[in-house]
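Engineer: Make a model of the complete structure from these sequences and hints.
Protein chains in written order, with UniProt numbering: chain A, 1 to 181; chain B, 1 to 181; chain C, 1 to 181; chain D, 1 to 181.
Careful, some of the hints might be misleading.
It does not matter which identical chain is meant; a pair holds if it fits inside one copy or across any two.
Claimed, not checked - Below, in silico cross-link-like pairs of lysine to aspartate or glutamate (EDC-like), each with a Cα-Cα straight-line distance of 20 Å or less: (1) K22 / D58; (2) K21 / E146; (3) K45 / E160; (4) K113 / E176; (5) K113 / E31; (6) K108 / D141; (7) K177 / E160; (8) K107 / D123; (9) K22 / D141; (10) K45 / E154.
Hints listed in this document are in silico derivations from the structure and should not be mistaken for laboratory results.
There are 4 protein chains.
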Amino acid sequence: MSICVLYGGNRIDGNTETITKKVIQELNVEEIYLIDYRIEPIVDKRHAPEGFPEVHDDYNAIIERILPHQVLIFSTPIYWYSMTSVMKSFIDRWSQTSRDANYPNFKKIMAEKKAYVIAVGGDNPYIKGLPMIQQFQHIFDFIGAEFSGYIIGEGNKPGEINNDLNALHAAEQLREKLRNS
Amino acid sequence: MSICVLYGGNRIDGNTETITKKVIQELNVEEIYLIDYRIEPIVDKRHAPEGFPEVHDDYNAIIERILPHQVLIFSTPIYWYSMTSVMKSFIDRWSQTSRDANYPNFKKIMAEKKAYVIAVGGDNPYIKGLPMIQQFQHIFDFIGAEFSGYIIGEGNKPGEINNDLNALHAAEQLREKLRNS
Amino acid sequence: MSICVLYGGNRIDGNTETITKKVIQELNVEEIYLIDYRIEPIVDKRHAPEGFPEVHDDYNAIIERILPHQVLIFSTPIYWYSMTSVMKSFIDRWSQTSRDANYPNFKKIMAEKKAYVIAVGGDNPYIKGLPMIQQFQHIFDFIGAEFSGYIIGEGNKPGEINNDLNALHAAEQLREKLRNS
Amino acid sequence: MSICVLYGGNRIDGNTETITKKVIQELNVEEIYLIDYRIEPIVDKRHAPEGFPEVHDDYNAIIERILPHQVLIFSTPIYWYSMTSVMKSFIDRWSQTSRDANYPNFKKIMAEKKAYVIAVGGDNPYIKGLPMIQQFQHIFDFIGAEFSGYIIGEGNKPGEINNDLNALHAAEQLREKLRNS
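Structural biologist: Shown next, in the form of structure tokens:
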């Protein structure tokens, strides 16, 4: 299966990126660091007569890159108890793409994908990260994608994720699963 | 009590704004429409030796405006099952302000505030909006503010919130509470 | 529509019963106080060759009474952050009834019902009662019933629910809805 | 540390018991199978002038057995998306013990304990078991115990838990942690 990772991290070499790299090592993966791109917040014109305007940013180029893949990995620190604003900006814009004549099959294509979430947090993520997991479940339900699994890890300072043996093992298991699929 | 409303809406006259206006009518309130400002996503430098750089956007000006108030109302559509990315960008930046020498008492001041959430969604918000409410609870717990109440409403097309009688009544109750506090 | 209330309360005239009575006043409703009956905990024989044994308690008689109704109202205090054990004992036994040759259409009949939850708690129920609401959503999803709405109220000592004006208003709204359906 | 396991399972050799046995193998542990005892549902007399009556069942004997231990493991199948009614009956009665003159230090003693949850479910437990984890968090917060960790596993038919490698690994990790504490 063809795999794409969307990194939502707000810093280089964060714990979430570290564990995600363990998941994808030696796999053929397309990696997208959302922080490197300009993604405007959505201006919601669903109910406006003129419809959505064209937005001159990098969003559509990222959409083009994720659409061909069968597996999407959403890799985000648990930031203020949900995904980062950069990743949220990206997902919010799906409301626009769903109505964009240039992507008539957007929802249909998204519905064929398998989605994973990898998330590391520093403040009791195994409890306080659960609402975010439930949010992702609702997101994937809406778009029709299969929520195939998630990894929660604990870490705050750079490298701390390496102390979370359960998360590391789950990363190894996910790598096996992706390699054999 | 002095009240500030933070609007996270992605469109003019959305349902969330409509019901929020009912809550604050005839009250003396400072209103901030986040979509009108440029708020950069955080670049997380908490663990970088150089620390956070100065960011040239409108974020600090908004912080200055909210700090004097005793009550903060977070008014956001339930967008992809959480707050909008605009509001999330604003909250994510609190990580920076918490370490900003220009705001040495940021957390202390925030901890004295009462916070409310007003949120309207179109896809079964009374169930699918609950993870967002839990997320806000964790946010306010972290910053030390009191989560004094929330209103969930249902609506999709403009004006539909006016059919949600429970939400309208809750808005009326909240208005009474704010007026008498 | 024909309505049945299942009371899970552990005491007489508790707050949950009080507000439920407001919902059903002047409506024609069958009321079942689970605490008045003997309901054995399930002994799970789903995977045992001999299957489930007959249980000599009041459970089946209650099932007979709820099956004819189109609306089920689950009225339970939020007790240790979920429904009471009496109500949980009742629901757990559905696993047995689902395989009981005497009730071959159990799931089909349950799937035609509309379900409501009325729940009052004393410890920040608007936040800490939310996992229970999510639990009920999963229960109704599994059995196929429609989760048509819920009321959360706050109260601890007898009568305190009368101070929760939002809950009382929601009760009034639900009564109107049931009366007109 | 002294460890006590409370089994809430409704059947012999269920998946939850299987994985719990892996956690405690070769450790010195007191095991209590709640299904083997008679635990009456609470009759809530917190606000009744006469107070709680003495209940002639096995509940207090179980309380006596758990109080001396420093670690409590709540081992329950995810049954209708929460703990079994047997375990819930046991916990509900804590409301009585908290006011029982024979156990004046009940809450103080409970507050010194570390609590773990081990839970296996058959219907997407990694998502649909999360409200139960949140319920346990609220329970332990109320009683003051530390929620030190949890394991969710997937399995339905007997033995299926052995296919959930992540859960098995987490069991092994927890065993190491308990052995060294």
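Engineer: Against each hint, give a clear statement of whether it holds in the structure.
Structural biologist: Outcome of the hint check:
{"no.": "1", "hint": "K22 / D58", "result": "neither (28 Å within a copy, 38 Å between copies)"}
{"no.": "2", "hint": "K21 / E146", "result": "neither (22 Å within a copy, 33 Å between copies)"}
{"no.": "3", "hint": "K45 / E160", "result": "between (43 Å within a copy, 16 Å between copies)"}
{"no.": "4", "hint": "K113 / E176", "result": "within (19 Å within a copy, 38 Å between copies)"}
{"no.": "5", "hint": "K113 / E31", "result": "within (16 Å within a copy, 41 Å between copies)"}
{"no.": "6", "hint": "K108 / D141", "result": "within (13 Å within a copy, 24 Å between copies)"}
{"no.": "7", "hint": "K177 / E160", "result": "between (25 Å within a copy, 18 Å between copies)"}
{"no.": "8", "hint": "K107 / D123", "result": "between (34 Å within a copy, 16 Å between copies)"}
{"no.": "9", "hint": "K22 / D141", "result": "neither (27 Å within a copy, 33 Å between copies)"}
{"no.": "10", "hint": "K45 / E154", "result": "between (39 Å within a copy, 19 Å between copies)"}
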